[in-house]
Amino acid sequence: MSSAVPTAPSAPTPSDTSLPTSGPTPTGADPSRRPLWLRIVLTVLVIACGLVFLVPIYWLFSGAVKSNDDIYSWPLKWIPTALHFENFREAWETVPFGRFALNSLITTSIGTALEMINAILCAYAFAFVPFRYKNAMFLFMIGSMMLPGHVTLIVNYITVGNLGLLNTYPGLILPGIGSAFAMFLLYQQMRTVDPEILQAAEVDGAGHWRRMVTIVVPMSAPMILTATLIVMIGKWNEYVWPLISTNTANMRTLPIGLLYLRSQEGYTNWGALLAGTLMAALPMLILFFLAQRRIIGGMAAGAIK
Amino acid sequence: MSSSPLSRRSSVTAPTRPPGDRPRDDHPDLPTGAAARAPGSDAPLVKRRMTPGRRRRIWRDTGLFFLLIAPNLLAILVFSYWPSVYNIVLSFMDWNLLDPFPEWVGLANYKDVFADPDFWTIILNTVVFTGVTVAGSLVGGLALGSLLATRVRFTGLVRTFAFAPHMLPGAAVGMLWLFMFDPNYGLSRFLFGLFGADSPQWTTTSDWSLWALTIAYLWQRLGFVTVIYYTAILDLPQTLYEAAALDGAHGWRMLRHITLPLLSPITFFLSVTGVIASAQAFDLISIMTGGGPGISSSTLSWMVYEEAFQNFDIGRASAAATTLFALLLMMTFIQVRFSNKRVNYAS
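As given, the protein sequences belong to chains L and P, one line each in that order. For the first sequence, position 132 (counting from the first letter as 1) is numbered 132 according to full-length UniProt numbering, and the numbering increases by one without interruption. For the second sequence, position 64 (counting from the first letter as 1) is numbered 64 according to full-length UniProt numbering, and the numbering increases by one without interruption.
Please keep in mind that the hints were generated in silico from the structure rather than gathered at the bench. Treat each hint with caution, since some may be false.
Covered stretches of chain L, going by a simulated chain P footprint (3 or more residues, C-beta under 8 angstroms) [said to hold, decoys possible]:
| id | stretch |
| --- | --- |
| 1 | 54–68 |
| 2 | 80–90 |
Anything over 12 angstroms on all C-beta distances counts as not near chain P; from chain L, calculated [said to hold, decoys possible]:
| id | residue |
| --- | --- |
| 3 | Trp74 |
| 4 | Glu115 |
| 5 | His150 |
| 6 | Leu225 |
| 7 | Asn247 |
| 8 | Ala249 |
| 9 | Asn250 |
| 10 | Gly276 |
Ideal Cβ placement from N, Cα and C applies to all residues, glycine included.
Given these sequences and hints, build the entire structure.
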């Protein structure tokens, strides 16, 4: 059962639709009935569009392993003459990249764990615990998604300052642990849990806590994983809050580290800059390529309701 | 689903009730199960005699409910709602973050800011950046999403690569595009060279800096919009297309009269969230231009940061943030009004 409900039935995922279909598509006739010339034109167009996204990513990867002779040359060298991993060492030595990575890892993992705990408890309450004004409460919490985060910066800075948490891990993490989007995804999922199972457990004397831990959470596990990935990516990429709430190099996270690296290297050492950029971006790229269906499906589920 | 406590309880107080009824009562909307609905909206409370036991259970459930949502509620109150409100108060104050107390100055910050011609340049930059990125990503995303929905070769691969930039830290995207835009050694020189032209000095001249940001942001956002449209297009009811094809509709008319209306809820969602995201874009600006040269690529989000955390003028910064907030509320309101007339939720 738990694997039979990967997503809410209301949430179409690309995985449902990415299987080849033989029926007509919205944009025209049955693909197999399309004339050859049209298929060729469409394929060329698709490849051209793909290059728009692929070439910059290739440029990042290739630039990170090009020597400066290759980078500062004209005409452009599309393929590095030799793999030059020195760039990574240079970036690592110019600024404390190891420390940035550690900070990113700590804030992302703890922040994600706390936000997901919040999301699970809250979604369970909205799905299964009776309360008369639930509807209003739910709108209130979902409504927080409409509050622009950038507007809250100044006051959050003051609040965290008053708590004495500026330039600390708790100060980096706490303002981000409120959950609306992940809570919404989980709520949608939890509503699909078969109530008869819960009834049976209740008859057997299982309280809310037992029912949540042994039934609802395992049955919602796929969606919890999806939401965790989306939350995690958001936290890793977080930029403005770490920028203002930290003020020493040893508390900076990777994205802020890039700004720092640029100010140290200027534009005379693009190899090292791109190596640093790749180090900040690569974990998210790997995560995405490993779990792209899940991530895209979750994000689409948030949009297509 | 406010009826669930009552019905669950009723299984105890009224054992004669057929057990098969319970699940339906617990989740009255489960059989249809489709739309996202806020809890408690359906099934009016059944009037029932309040026994002391029942009252106790209601209180116990209410207590449990608040216990479960407390951490999240607290975080949202303290770090989302409170700052949104208190920020408005701060915009009537003069403060440098160091003095023990802010000083009340009334509308002085707004008068000051609105009289500053630079502020209007910043507003214009914000509107241009937001408008172009949102409109561009919607048009481009719909076109690309439709193209991918044809399911010719490589569409799966391109979908993945298109979405990937959306997963990257904005700081990394900014660095990458700084390099792409390098007029001497970047791809920009190569592309302009194909047409025999010199690359513009993208990030260092005021004519081009905002466009550099716009292009980089579009690159990051486009894949997300594309994939949402793509998923939605593949989800459209096929029977409508078959019927329309029988009626002789195709190509443009099919798009105009069937696809676009059916996609309007998605377009509405993407435009509302797109405006909110674009207007707050910050990491690209910080990495690529720092709002410059001059203020040529400053937007309201950059101004908030610069005034608050570089000039320590909290009053001005809060006034800018409040303006941003007000503009976003206004935009959302307009979009909702527009959508009530135009968006087709019938599907």
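Structure-based check of each hint:
1. 54–68: Holds: 7 residues of the stretch 54–68 of chain L have a Cβ under 8 angstroms from chain P.
2. 80–90: Not satisfied, violated; 0 residues make the cut.
3. Trp74: Given a closest Cβ separation of 7 angstroms, the condition is violated.
4. Glu115: 8 angstroms, violated
5. His150: 4 angstroms, violated
6. Leu225: Holds: least Cβ distance 16 angstroms, greater than 12 angstroms.
7. Asn247: 10 angstroms, violated
8. Ala249: 16 angstroms, holds
9. Asn250: 18 angstroms, holds
10. Gly276: Glycine 276 of chain L not clear of chain P: closest Cβ-Cβ about 8 angstroms, inside 12 angstroms.
The structure fails to meet hints 2, 3, 4, 5, 7, 10 from the earlier list, while all remaining hints are met.
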